[in-house]
Amino acid sequence: MSKGKKAAQYIFLTIMSIISVFPLYWMACSATNKSVDVVRGKLVPGTYLIENFKNLIASQNLGAAMVNSFKYSVILTLISLVVCSLAGYGFEIYHDKGKDLVMSIILLAMMVPFAAILIPLFQMFSSAKLLNTTIGFMLPTISTPFLIMMFRQSARSFPHDIIEAARLDGLSEFQIFYRLFFPTMRSTYAAAMTITFMNAWNSYLWPKVIMTNGKSLTMPMLVANLVGGYVTDYGMLMLAVLFCSVPTIVVFFILQKSFAEGITGAVK
Amino acid sequence: MKLRKILSGVLAAAMVLGMTCVNVSAEEEETLTVWCWDPAFNMNAMYEAEKVYQQDHPNFKLDVVETPWEDVQTLLTTAASSGDLSTLPDILLMQDNAFQKNVISYPEAFTDLTDSGIDFSQFAEAKTAYSVVDGKNYGVPFDNGTVVGAYRTDVLEQAGLTVDDFTDITWTEYLELGKKVLDATGTPLLSMQAGESDLIMMMLQSAGASLFDEEGNPSMVGNDVLVDVMGTYQELVKSGVMIEVNNWDEYIQTMNAGTVAGTINGCWIMASIQTAEDQSGNWALTNMPSLDGVDGATNYSNNGGSSWAVTSNCQNVELAADFLGATFGGSVELYENILPSGALATYLPAGESDAYAEPSEFFGGDAVSAKLTEFAGKTPSNNTGVYYYEARDAVATAIANVIAGGDIESEIQTAEDTVKFAMGM
Amino acid sequence: MSQPRKKMSLSKKHSLSGWIFLAPATILIAAMSFLPMIRALILSFKTGVGVNMKWAGLYNYTRMFQDRIFKTALVNNFLYLIIQVPVMLVLALILASMLNNKDLRFKGLFRTAIFLPCATSLVSYAIIFRSLFAVDGFVNNALIHMGILKTAYNFLGHPTSARIIIIIALIWRWTGYNMVFYLAGLQNIDYSVYEAARIDGASPMQSFFRITIPLLKPTILLTTIMSTNGTLQLFDESVNLTSGGPANATITMSHYIYNMSFQNVPNFGYAAALSYVILILVAILAFFQMKVGDKRE
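Residue numbers (this note's numbering), protein chains in the order written: chain A, -1 to 266; chain B, 2 to 426; chain C, 836 to 1132.
By construction, these hints were calculated from the structure, which means they are not laboratory data.
C-beta: ideal position from N, C-alpha, C; glycine also.
Be aware that one or more of the hints could be misleading.
[Unchecked claim] Selected chain C positions facing chain B (in silico; Cβ < 7 Å):
{"hint": "1", "residue": "Ala969"}
{"hint": "2", "residue": "Thr1063"}
{"hint": "3", "residue": "Gly1080"}
{"hint": "4", "residue": "Ala1082"}
{"hint": "5", "residue": "Val1100"}
[As the list claims (entries may be wrong)] Per the computed footprint, the stretches of chain C lying under chain B, defined by three or more beta-carbons under 8 Å from a beta-carbon of chain B, are:
{"hint": "6", "region": "907 to 919"}
{"hint": "7", "region": "959 to 968"}
{"hint": "8", "region": "1120 to 1128"}
[What the hints assert, rightly or not] Here are the computed lysine-lysine pairs in the BS3-like style, where the Cα-Cα straight-line distance is at most 25 Å:
{"hint": "9", "chain 1": "B", "residue 1": "Lys52", "chain 2": "A", "residue 2": "Lys213"}
{"hint": "10", "chain 1": "B", "residue 1": "Lys239", "chain 2": "C", "residue 2": "Lys985"}
{"hint": "11", "chain 1": "B", "residue 1": "Lys52", "chain 2": "B", "residue 2": "Lys62"}
Isolated chain A, as found in the complex:
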């Protein structure tokens, strides 16, 4: 690549990055300012951070919300990845007409707006006595068509001759999955983990509807509480929002190397 082209590439990426990062910068700045300054559009860091933090922990149970959100998101992500990657692998590696059809039907499941199935789902959980339980909280989001399809699509690049060779070596079907597929698809798992963690972390409506006893405050609920009053303290709100955004960003930052520089060498 010529030098000019290279420079153009860096400039393009830098501009895209700045546009992308700007709201986060604004959020961080606002978290250090007084509410009235945030409303007036102040764009430089202020000195009100500690005050905002004090107000935040005085009005909301920040610690409990962080712990709850972490607990739910981590457990949900792990179970979800196992269940969905097994299915995606099953759909692709053993594909036949029947399984392709089932896959298409599964895709239908995500096409109905959640608002429409909320009440029937609630009815089911109420008759199963699962209201206000952790299982009830997690069950609907463990298996998602999206994750299944993601693993199905990436399993397509998993070479069939490896499977054949492994079978000749006497490995069972499940062993092939977790000894060969699992390590090879590290990049897919890392990407899936980021996305699933993010979705679990941000989930709002279902947790709110099913966990009504107030003991399961999560971060999105905390943020919603802060905008629910008659007066919004924007400085405090932005600090809470910052707390709510950082975990996903950290997870992404840790995992991005593994999904962008995957160990392709293993498949050969």
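Dock chains B and C against the given chain A, drawing on the hints supplied.
For chains B and C alone, kept in the frame of chain A given last:
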């Protein structure tokens, strides 16, 4: 054989009964769960009420769960439509505008409080009317949204005006004064959120008018007051006396940043105005303008407000009713305690308390609370009807189209059609 | 005594293990999505307020032809779909292939930065976008400064510009998200293929079209179906950026359905019928996308 079966059946039933009795007495600790949404405001009021009630009932405890209003509505709808009310709290706070809709849609979810011993005659009638369905009381009134006209005295001064010039005026006079202020200072008098119908609704109620007739049918077409109100609104925007902003944050910003010289809204807006501490002393309160040439026009209206409802999931209705009756429906002390948070009583005896005569520094040393209580007493009552939110939205769309150049009469026709469509008419 | 079925053919055995692999996920989806969906379908043939529902046949489905707001919402959804999805996916693809370049420096930084928008909480991003495009906001000031505009323009107050802002917001928020899938997908392409192509004299453009796109086809299909579905169910932006306004000009179908179920007098029968219209529309689009994109070579 048969007898033995019956006997054992009776015995078993008695045992079950006995056990439930034991359970009830074991639950003497008297805990009630409450849903409401603002820590500084209605949640604080509940905590204060808990303290007041605990003086006579040391075992009493409240479990207040912070739940934003939108979520209270969603959770209520979900539970009531599924027929499983077990997730509902004992008491929940409900927006007055949604009361009729919810009680009529889900009568089985609420407890009739008419004969619970709460003295509803101690509240302003316009206020209790929100929570009365078929002559039965379903709610204990809490805060109201008495409309205030709030003005920047320092800006008015530059135009040679005082807040008295804005007291007991009509919208025509308001427009003239507004132009004067605009000429002298370049500052509009008022800002409103585009695409919302708050001001329209406030104007309508100030003349006792509504979007529905007595039977609950839409009465927009041929409603002269509505035509007048929309015309006034259009005139306000055209003249530049009122600017429209796109959302709530921008609306708050216009006041905090001083780009407008005042606002007209429910009295709860005072809390947001007061976040701009540097404007302390530069604000003053008075009533809102009245509609010209309309029968029953007043300078008083209401926007927002809420009431406490007891759900049918409440296992101890007696306790809940007694608690609400002894606190929100009977304790002047409670209302004095929560006054600093801006919670203004609709409980009439509280208005005579000395606390209400305290001057407010921010609003130029005025006895704000007493003034608002006086306004509240003069506010005409409002017929919300079941389809209130649909009608509000339809009118908001209509006024947005009028501002964009539409014709008032035909937009009102469209709005009525939209509401009738939602009602299945 | 039962005969041990020794002679089960190998392919049958494999097919069976496949079913076992996909069983847990499939059963969960059947229970958690299809059961309630069937109930919603039944609901869509009923009408009434709250819990008092009566059979109404196809009434809800014929009713929507007279529904003005629904028509606007439908048009909006398709407008967002047609413009936003292609722009976003192409941009994501370009960014991903740029960031897949081994010689590029600060890759981790760029990647994280571009991913950030979808991790930024909706509340803050809505506030920022609204204030950026406010009448006295940054965009207006900049455009006036550059001499493009003479007086400030109320972007969120006019239907067309408000729709464009929703599209911009969507692209801003979801490009990095889709980039992640492409980055992950690109790892399954051996980097030496690119090096070989370069030695053969292929330009970066040529290798993008001849190597990257064909090999990423399964991932492109995935992202296309997901984005189509996401856009036709668009809710957050409509609620938080414009509240569906001005005068319902930017409202989306999901937003309308939510209002009908939880804000207005609940009309679940009609809401369910509208939901099934979305389902059918997305399903048709997904069907064609699968037909074109899901061929195994």
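Cross-check of the supplied hints:
A cut of 7 Å between beta carbons decides the hint on Ala969 of chain C: the least distance to chain B is about 6 Å, and the hint holds. Checking Thr1063 of chain C against chain B: minimum C-beta separation of about 27 Å lies over 7 Å; hint violated. Because the closest C-beta pair between Gly1080 of chain C and chain B is about 4 Å apart, less than 7 Å, the hint holds. Annotation: interface hint on Ala1082 of chain C holds; nearest CB of chain B at approximately 4 Å, less than 7 Å.
Checking Val1100 of chain C against chain B: minimum C-beta separation of about 6 Å stays under 7 Å; hint holds. Evaluation of the coverage hint for the region 907 to 919 of chain C: breached, as 0 residues show C-beta separations to chain B shorter than 8 Å, against a requirement of three. For the region 959 to 968 of chain C, the assignment as covered by chain B holds, since 3 residues bring a beta-carbon within under 8 Å of that chain's beta-carbons and 3 suffice. Against chain B, the region 1120 to 1128 of chain C contributes 0 residues with a C-beta closer than 8 Å to a partner C-beta. That does not satisfy the three-residue criterion, and the hint is violated.
For the hint pairing Lys52 of chain B with Lys213 of chain A, the CA-to-CA distance comes to about 23 Å; that is within 25 Å, so the pair holds. Annotation: proposed proximity of Lys239 of chain B to Lys985 of chain C holds, straight-line Cα distance about 20 Å (limit 25 Å). As the CA atoms of Lys52 of chain B and Lys62 of chain B are separated by approximately 9 Å, the hinted pair is consistent with the 25 Å bound.
Comparing the model with each earlier hint shows violations of hints 2, 6 and 8; every other hint is respected.
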